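K.L.:
Chain by chain, the residues run as shown.
2 protein chains.
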Amino acid sequence: MNSLYDVAAIGNAIVDVIAPSSEAFLSAEGLIKGSMTLIDEAHAEGLYARMAAAIEASGGSAGNTIAGVASLGGRGAFIGKLGQDQLGDVFVHDIEAVGGRFSGGRLDGHATGRCLIQVTDDGQRTMSTCLGAAALLTPEDVDPAIIEAAQIVYLEGYQFDPPEARRAFAKAAGLARASGRLIALSLSDSFVVHRHRPALLGFIESEVDILLANEDEITALFETDDFEIAAEACRGRAKIAALTRGAKGSVVIAGDQTLLIEAHPPEKVVDTTGAGDQYAAGFLFGLAQGRALTACGRLGALAAAEVIAHYGPRPQVSLKDLATQAGL
Amino acid sequence: MNSLYDVAAIGNAIVDVIAPSSEAFLSAEGLIKGSMTLIDEAHAEGLYARMAAAIEASGGSAGNTIAGVASLGGRGAFIGKLGQDQLGDVFVHDIEAVGGRFSGGRLDGHATGRCLIQVTDDGQRTMSTCLGAAALLTPEDVDPAIIEAAQIVYLEGYQFDPPEARRAFAKAAGLARASGRLIALSLSDSFVVHRHRPALLGFIESEVDILLANEDEITALFETDDFEIAAEACRGRAKIAALTRGAKGSVVIAGDQTLLIEAHPPEKVVDTTGAGDQYAAGFLFGLAQGRALTACGRLGALAAAEVIAHYGPRPQVSLKDLATQAGL
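Going down the list, the sequences are from chains B and S. In terms of our numbering, the first sequence has 174 at position 174, counting the first letter as 1, and numbering is strictly consecutive. In terms of our numbering, the second sequence has 592 at position 264, counting the first letter as 1, and numbering is strictly consecutive.
Calculated from the structure, these hints are not laboratory results. It should be emphasised that the depicted structure is a prediction, and the values quoted were computed from it without experimental measurement. There is no bait here: all hints are sound.
Cut-off 25 angstroms, straight-line C-alpha distance, at most; resulting in silico cross-link-like pairs (BS3-like, lysine-lysine):
| id | chain 1 | residue 1 | chain 2 | residue 2 |
| --- | --- | --- | --- | --- |
| 1 | B | K248 | B | K320 |
| 2 | S | K499 | S | K567 |
| 3 | B | K268 | B | K33 |
| 4 | B | K320 | S | K596 |
| 5 | B | K33 | B | K248 |
| 6 | B | K171 | B | K239 |
| 7 | B | K268 | S | K596 |
| 8 | B | K268 | S | K648 |
| 9 | S | K576 | S | K596 |
A short list of chain B residues far from chain S (calculated; beta carbon distances all over 10 angstroms):
| id | residue |
| --- | --- |
| 10 | H110 |
| 11 | P144 |
| 12 | P163 |
| 13 | L182 |
| 14 | R197 |
| 15 | D256 |
| 16 | R291 |
| 17 | A292 |
Beta carbons are placed, not taken as given, at the ideal position from N, Cα and C, and that holds for glycine.
Looking at chain B on its own, in the form it has when it is part of the complex:
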């Protein structure tokens, strides 16, 4: 089947605002380290005023993944909603500059979504997201031509939060299924899992070919403290589950197979923002290219290692070159 895109993703279109932070600041702001919290505009303005000097970089989980796919030499499309403002221009530029396609549109009178990210000395990121225009994605924004032209349709779990986005998500899944495309889902965040557990489980069992999650998310989904139990519970529910465990590497479950994939050693750990998104980029790009599952996992690990060695959630060098150097 001919495909114009390796991966088409639907997600929150977000610009990241990334600053160093102390543990004390997280406590004072009531932020839970490593989590993503949704905040409103007033809260975002207050938090921004109190946080440290920052850099801005296009982000959003699915957008980061599309940038990673492009950096690996793949073709990606991103569907999301932006404001008609400077940060919206930045987001579109950064997708198009890597050869990706932006679809979904811009909204006058709404600010582009932004994620205020506090990075502690251990490289952990704590995110406070003001969705702005991103929350206003509707089913009408999902262009069937893009879904039908993608090998893999990738959905971020964050889209379970805004009700209209969730309907957009369902439409995309339906179109993907009807045109025989693979459907991949990222669980995104353990709090998303807690908020939407039954709906996510139902969606996974009925629609998802490829499930991506980290250790916190997958154990939250199956309400266990034991990663092995959670991993086993994936078997049969999704055709493939790729589960990341930080420095412990990742585990791929597919049919009878259980593949253990080592983490790729990062140059250093500066900012873990985007690690899961880049793992997804490598894994999904590998799948779209017909690579074996172990190679897919190793591509994911390689991409994640690049992004955690610097500030910002997207690759700063060509992942294609890195993969070639690593013999992948």
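With the hints as your guide, set chain S onto chain B.
P.N.:
Same frame as chain B, but now just chain S:
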């Protein structure tokens, strides 16, 4: 004399848009590596559309220096002009978040100035600046109370380009002189020197206590290829000249003294944007604190080494902590 600020700076208020680039891209765009070119809005839009995915970070030479002074534990104020837009909000936030003061105001209907920075693999940066609102700084924007409350008034050579900014600059120099404050000038860029050589020379001889320049700029100023000749020519023209030579370190000329200061070895060279600005931050902070000239130069070298090891023109860690660790 009591001072509220170690350094008050006047400069172009700019947000940097920083992306990796190839030598071929520089050639295709007619950009001269290592230089700063002024471009208009239409040119900026075209170049932005063609350049790679980027990150955004508050910049502007003098703004970077004030952020560095704050990171060293000093007090700084920045005078410049911004648009009433998201990038303007970013600039103000990033100065205030480090404890600096922003003065000069915001203009409706004008975009905040931005500098499109191409970073080649060797870490060199090539800058194309669309001044926007920054070019509209006027003498009225210079608050005498700020100038009079600063130990050192720091002016960037870039301000010789927009005519009104140059008048603002002259006003600040006059106020500083009248209130017995030290006046520091950065030459900013060799093309600025070529454009305004006689005016710069006149200003240096009549007004400047501390001259900051790199090798290209100081040789351009004295129309020689020989750094030693240029350095010698500084003697007597400014009370102090601090001349940077990249990996070769810096030379401080003051009266009869010639001090050679080694470069501080950077962790790695990623992006040299802001190296000169951070050298200025360390040097001027040291002077304001009454440190010996050698210590001032070493503080400058330390601050420059931090900033070239990462993308973005401002410190990402506390320079005060780094200085303490280095025994400075």
